[in-house]
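Enquirer: One letter stands for each residue in the lines below.
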Amino acid sequence: MNADVVDTGVVRAGVESAGDDNAGTGAAGAPWEPKVVAFVCNWCTYTGADLAGTSRLKQQPNARLIRVPCTGRIDPLFIIKAFESGADGVLVSGCHPADCHYGTGNYHARRRWTLFRSLLEFTGIDATRLHFSWVSASEGRKWVDVVDGVIDEARRQGPFERYHALARPEAMIDD
Amino acid sequence: MTNIYRPELMVIREIIDETPDTRTLRLQFRDPEVAERFRFQSGQFAEYSVFGEGECTFCIASSPTRPEMIECSFKRFGRVTTAMRRLNVGDTIGLRGPYGNYFPLERMKGRDLVFIAGGIGLAPVRCLIWNALDLRERFGAITIIYGARSVDDLVYRRELDEWSAMSGVRTIVTVDPGGEREGWNGEVGFVPAIVEKIAPAADNAIAVVCGPPVMIRYTMPVLTALGFDDESIITTLENRMKCGLGKCGRCNIGDVYVCKDGPVFSYQQLKALPEDY
Amino acid sequence: MTESATNDIRAAARRLLADGTVSVVIGYGDAGPNRTVPIFARTAAQADRLVVSHSALNNLTVYLTRALRPVGGRIAIVAKGCDVRALVMLMSESQIAREDVYVIGVACAGVTTSMGQPMSAETVAAKCRDCIVRTPPLYDELVGVQCEPPATSDVLDRRIAEIEAMSAHERFDYWAAELELCTRCYACRQVCPLCYCTQCIVDRSVPQWIETSASPRANLSWNLTRAFHLAGRCVGCNECERACPAGIPLSLLNRQLAATALREFGYVPGIDPAAPALVGSYDLADREEYIR
Amino acid sequence: MNEYRITQESLQAFVAALVADGLTVLAEAADGSGYARLAADDRVAIDPSRAPSRLSMKEHFFPKSEALFEYRREDGGFVLVDRLPEVRPTVILGARPCDAASIGILSKVFNWDYRDEFFNRRVDATIVIGMLCAYRDEHCFCTSVGGAPDSIAGSDLFLVPLNDGALGMRVVSDDGERFVTAYAHLFEWGAPGDPLQVDEALTLPSVRFDAEKVRGWIEGHFDDPYWSAASETCLGCARCAFACPVCHCFDIVDEDRTYGSGERMRNWDACQFGMFTKHASGHNPRAARAQRYRQRISHKFAYYPSRFGEVLCTGCGRCTRGCPVGIDIGAIAVEIGGMAS
Numbered sequence: 000m001n002a003d004v005v006d007t008g009v010v011r012a013g014v015e016s017a018g019d020d021n022a023g024t025g026a027a028g029a030p031w032e033p034k035v036v037a038f039v040c041n042w043c044t045y046t047g048a049d050l051a052g053t054s055r056l057k058q059q060p061n062a063r064l065i066r067v068p069c070t071g072r073i074d075p076l077f078i079i080k081a082f083e084s085g086a087d088g089v090l091v092s093g094c095h096p097a098d099c100h101y102g103t104g105n106y107h108a109r110r111r112w113t114l115f116r117s118l119l120e121f122t123g124i125d126a127t128r129l130h131f132s133w134v135s136a137s138e139g140r141k142w143v144d145v146v147d148g149v150i151d152e153a154r155r156q157g158p159f160e161r162y163h164a165l166a167r168p169e170a171m172i173d174d
Numbered sequence: 000m001t002n003i004y005r006p007e008l009m010v011i012r013e014i015i016d017e018t019p020d021t022r023t024l025r026l027q028f029r030d031p032e033v034a035e036r037f038r039f040q041s042g043q044f045a046e047y048s049v050f051g052e053g054e055c056t057f058c059i060a061s062s063p064t065r066p067e068m069i070e071c072s073f074k075r076f077g078r079v080t081t082a083m084r085r086l087n088v089g090d091t092i093g094l095r096g097p098y099g100n101y102f103p104l105e106r107m108k109g110r111d112l113v114f115i116a117g118g119i120g121l122a123p124v125r126c127l128i129w130n131a132l133d134l135r136e137r138f139g140a141i142t143i144i145y146g147a148r149s150v151d152d153l154v155y156r157r158e159l160d161e162w163s164a165m166s167g168v169r170t171i172v173t174v175d176p177g178g179e180r181e182g183w184n185g186e187v188g189f190v191p192a193i194v195e196k197i198a199p200a201a202d203n204a205i206a207v208v209c210g211p212p213v214m215i216r217y218t219m220p221v222l223t224a225l226g227f228d229d230e231s232i233i234t235t236l237e238n239r240m241k242c243g244l245g246k247c248g249r250c251n252i253g254d255v256y257v258c259k260d261g262p263v264f265s266y267q268q269l270k271a272l273p274e275d276y
Numbered sequence: 000m001t002e003s004a005t006n007d008i009r010a011a012a013r014r015l016l017a018d019g020t021v022s023v024v025i026g027y028g029d030a031g032p033n034r035t036v037p038i039f040a041r042t043a044a045q046a047d048r049l050v051v052s053h054s055a056l057n058n059l060t061v062y063l064t065r066a067l068r069p070v071g072g073r074i075a076i077v078a079k080g081c082d083v084r085a086l087v088m089l090m091s092e093s094q095i096a097r098e099d100v101y102v103i104g105v106a107c108a109g110v111t112t113s114m115g116q117p118m119s120a121e122t123v124a125a126k127c128r129d130c131i132v133r134t135p136p137l138y139d140e141l142v143g144v145q146c147e148p149p150a151t152s153d154v155l156d157r158r159i160a161e162i163e164a165m166s167a168h169e170r171f172d173y174w175a176a177e178l179e180l181c182t183r184c185y186a187c188r189q190v191c192p193l194c195y196c197t198q199c200i201v202d203r204s205v206p207q208w209i210e211t212s213a214s215p216r217a218n219l220s221w222n223l224t225r226a227f228h229l230a231g232r233c234v235g236c237n238e239c240e241r242a243c244p245a246g247i248p249l250s251l252l253n254r255q256l257a258a259t260a261l262r263e264f265g266y267v268p269g270i271d272p273a274a275p276a277l278v279g280s281y282d283l284a285d286r287e288e289y290i291r
Numbered sequence: 000m001n002e003y004r005i006t007q008e009s010l011q012a013f014v015a016a017l018v019a020d021g022l023t024v025l026a027e028a029a030d031g032s033g034y035a036r037l038a039a040d041d042r043v044a045i046d047p048s049r050a051p052s053r054l055s056m057k058e059h060f061f062p063k064s065e066a067l068f069e070y071r072r073e074d075g076g077f078v079l080v081d082r083l084p085e086v087r088p089t090v091i092l093g094a095r096p097c098d099a100a101s102i103g104i105l106s107k108v109f110n111w112d113y114r115d116e117f118f119n120r121r122v123d124a125t126i127v128i129g130m131l132c133a134y135r136d137e138h139c140f141c142t143s144v145g146g147a148p149d150s151i152a153g154s155d156l157f158l159v160p161l162n163d164g165a166l167g168m169r170v171v172s173d174d175g176e177r178f179v180t181a182y183a184h185l186f187e188w189g190a191p192g193d194p195l196q197v198d199e200a201l202t203l204p205s206v207r208f209d210a211e212k213v214r215g216w217i218e219g220h221f222d223d224p225y226w227s228a229a230s231e232t233c234l235g236c237a238r239c240a241f242a243c244p245v246c247h248c249f250d251i252v253d254e255d256r257t258y259g260s261g262e263r264m265r266n267w268d269a270c271q272f273g274m275f276t277k278h279a280s281g282h283n284p285r286a287a288r289a290q291r292y293r294q295r296i297s298h299k300f301a302y303y304p305s306r307f308g309e310v311l312c313t314g315c316g317r318c319t320r321g322c323p324v325g326i327d328i329g330a331i332a333v334e335i336g337g338m339a340s
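These protein sequences, in sequence, are chains A, B, C and D. Position 151 of the first sequence, counted from 1, bears residue number 150 in numbering that gives the first Met the number 0, the numbering being contiguous throughout. Position 269 of the second sequence, counted from 1, bears residue number 268 in numbering that gives the first Met the number 0, the numbering being contiguous throughout. Position 272 of the third sequence, counted from 1, bears residue number 271 in numbering that gives the first Met the number 0, the numbering being contiguous throughout. Position 334 of the fourth sequence, counted from 1, bears residue number 333 in numbering that gives the first Met the number 0, the numbering being contiguous throughout.
I should point out that these hints are in silico values taken from the structure, not numbers from a laboratory. The beta-carbon is built from N, C-alpha and C at its ideal position, and this holds for glycine as well. Some hints here could point you the wrong way.
What the hints assert, rightly or not - Reference excerpt, derived from the structure (chain C facing chain A, CB under 8 Å, subset only):
#1 163
#2 169
#3 170
#4 215
#5 256
#6 278
#7 281
#8 285
#9 291
Extracted from the complex, chain A is given alone in its bound form (with noise of 0.2 Å):
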């Protein structure tokens, strides 16, 4: 993908695959998996995770990365989008203060993070299954830590029902 420009449709499609019934799930009558899936701007994030692969280290198969091109680029519409497709978790994840590759991307981004969380919590939407993370380039070690903690946590807690109920065609209003 040209990190420099977005295509919305690839995201849409990205975040809606990654609620993809066959995904995360092992083959049929295997135990519930989470499905995780994590935001991650091109130059730190995605490269620290890239660096976690080439080091061959372990983690967890459960995370549907898309990669956009800033943490500044993260509308929480993505967001929503992923926990309407399924997702039981979701992670953000950028440069750390300072190291944005445009600057000052990641600033913009927090911001928009605190009300978007502040939004959730009031609307009761569990904001524990929304997760950020600073993970730079060189931080292959943390980015295990981190997208494997969310997974795990995901797992804790269970599959996103409350959320995910809300599609269902019984959900609708019927006399």
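Knowing the structure of chain A, use the given hints to seat chains B, C and D on it.
Expert: Chains B, C and D only, in chain A's frame:
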């Protein structure tokens, strides 16, 4: 007790790229019984589904005289057509229809036919052209005037060549000024100007005009000047539609529902409508 | 807000139209007992239809970016304090230039919750009970009698506190039940002076981020997005809630976010046109203890 | 005409019996929002002089969102599953005449040529118990569009207040007759209390305009500057259309529920939205607010009457009461009627 909104399933058998942005799908019903039942007339339209994305309205571009395949031609514009472009041979498409009225083939019998089309507006006309050609002895002389923005934007290119080669069919292809390129030996000029230049005889003739609104607006007075009366000029309206069943209200113009009372209108009928299209 | 304020507005409108200062005055027209409707006065006769009263509910600044966006020249607008806050936001977001609008500010003692109500302690709008802008923060001329700010009664804040006191599950169920009623008529968006996008995200279909069905899931997505897009921008005029046919307490969502903006960033929107937008700026010291 | 006498107690027992029999009972909610479902032990209040709810009862026959069918990705193709509604027998209790009239008007468009079984099944499963309406305000104008506060159009049974505070229930359709038989034991036969005489006790809303004249003017004034003036303050939301008992425009969209499988939905839509008629090419026949407003008024008072023989308006006044900028459809019809004279 039937669900009037439920489409029949079709399979894409062939994909033809007409231009860089226009594509024709050749479709067959999955269920042979449905295929057997399906009947339509030239000028009717259908609602095509890409499941997960929605429905889109196109005329049926193939002729009823060639029922083995249903064809639709489309340009990528919105959500559904974007998805439609991603489909491959063997993929599923839904179809509801046919809907609407059709070209008055009976009234055209024994008369000269003048087909005038612009851009992708050739699709409904093409359906009628093949319909007329397959019943050739019923009609008089046939003139086809077709224009597009540029040489690259001409659709059904191979068929234009085919029609050009036919005796008793006069085919004039034009491109907008600036749209020509080296080796182009067709006309250059906007459709209304070319119609004026070609000046098809209005005597015992019917003109069928399809294309972008601006082309239709400027072609009508030319035809009138040539002596075509309002009843002998026929066009189609391309209103936005959703249901195709005269319910959703989208294609309503005055007391007319384009999806039921149209899409085919004579110039006379069109003049009686409020200019809301 | 008295007869004299109405007379002052009429006189101002007549003068501004006569001397060519403005081409139109957006104001409130009399529409029967305890009712007004927005009117656009372009002549002296129309100016004499202008009124102002406790029934001047509409936030007329919505017309500056909608109906009158194409109108050239200067426009006069009758605006209460809360309306002027919206105007300040429109200026700070470069949607309208200060010199293009002539503000007939109204010193406001409060309006009623809905049309047709006489003013009383019961009918006064919730937003007016703890108004911080009885005198507008900005105006070209001021009508009405300046009055003391009310003793804060915190009706909205108390309701917010009640909801915050619920468990997360109760909060979720509460909002799911409220938002299920949403019909997606978009009256909340259309009456909002700060929802001025020429194409709303919900009307974009490639890709379709927000589903258009009035289903529980789609309604949640739409209403969260609407509220969030107003975070740090909403000035609390509460027109969205008044316009909502389903009676959803949208003002609580907006006000809770405003409270967060104040608590976290010390930010109050719509007071200072020169202040940078909340989400368009940052501070190195912004909190981040929730970020790993 | 058969008539039953219903007291508050028997009304309460009636609703309890209906709910116990598995029926859905809908009545205008006390909070004024719309027609909502009653539970067996809810206090039932029939108050003919209460203001109409914000939303009409249309939603019961034509939901704001409903699935038309389900699509499932299977074996490289798709499987479609019908979702024709299985509607529980329903009783609408205390429907206003301006609401009950909507069923007949909507049936025309939902059944010309193609029959819409989604609408029809809901209508067929419903018994409408209308109510003589004693509410009046400056926005009511049912008598100008062929209705009346005591009109039984669309009702199966009809409630009238009696002088002694009880209600009289008249049987006004065969369906109503069949239905009420099962519950007749709960009521007294005949009506000892005198029914309030409509012409004496109730003032009819005065006829404000001649709908035929309004139609005539609209048909000849498509390009009249009046349309811009009338719609000047309209903000283009759909509150009027969604509150209207007879506005019926809709959109059809697909929504995935899980990856690759989902539902085709039908959702309320409105001619007031700029997107409504916008072509894929970008061309929009009604790009301007005034054009859309003209469509709204013309469709109601000219196009629909000339196509289906019914004014697309029951005079309930909901659009006007709810309009955030106070646009008054009755006043507009009066103005147009005035221009026609």
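Enquirer: Please verify that hint: residue 163 of chain C, Cβ, nearest Cβ of chain A, below 8 Å or not.
Expert: For residue 163 of chain C, the interface hint holds, since the closest Cβ of chain A sits about 7 Å away, which is under 8 Å.
Enquirer: Less than 8 Å between beta-carbons is the criterion; does residue 278 of chain C satisfy it with respect to chain A?
Expert: holds (6 Å)
Enquirer: Classify the hint on residue 215 of chain C as holds or violated, based on whether any CB of chain A lies nearer than 8 Å to its CB.
Expert: Hint on residue 215 of chain C: holds, closest Cβ of chain A at ~4 Å, below 8 Å.
Enquirer: Given residue 256 of chain C was flagged as interface, is its beta-carbon under 8 Å from a beta-carbon of chain A?
Expert: Because about 6 Å separates residue 256 of chain C from the closest Cβ in chain A, which is inside the 8 Å limit, the hint holds.
Enquirer: Does residue 285 of chain C pass the interface check with chain A, least Cβ-Cβ distance below 8 Å?
Expert: holds (6 Å)
Enquirer: Would the stated hint for residue 170 of chain C survive a check requiring a Cβ distance to chain A of less than 8 Å?
Expert: Since chain A brings a Cβ to about 3 Å from residue 170 of chain C, closer than 8 Å, the hint holds.
Enquirer: A closest beta-carbon separation below 8 Å is what the hint needs, so does residue 169 of chain C meet it against chain A?
Expert: holds (7 Å)
Enquirer: For the hint on residue 281 of chain C, just tell me whether its beta-carbon gets within less than 8 Å of chain A.
Expert: holds (4 Å)
Enquirer: Hint validation: residue 291 of chain C versus chain A, beta carbon distance must be below 8 Å. Holds or violated?
Expert: This hint holds: residue 291 of chain C lies near chain A, its Cβ roughly 4 Å from the closest one there, short of 8 Å.
Checked against the numbered hints above, the structure violates none of them.
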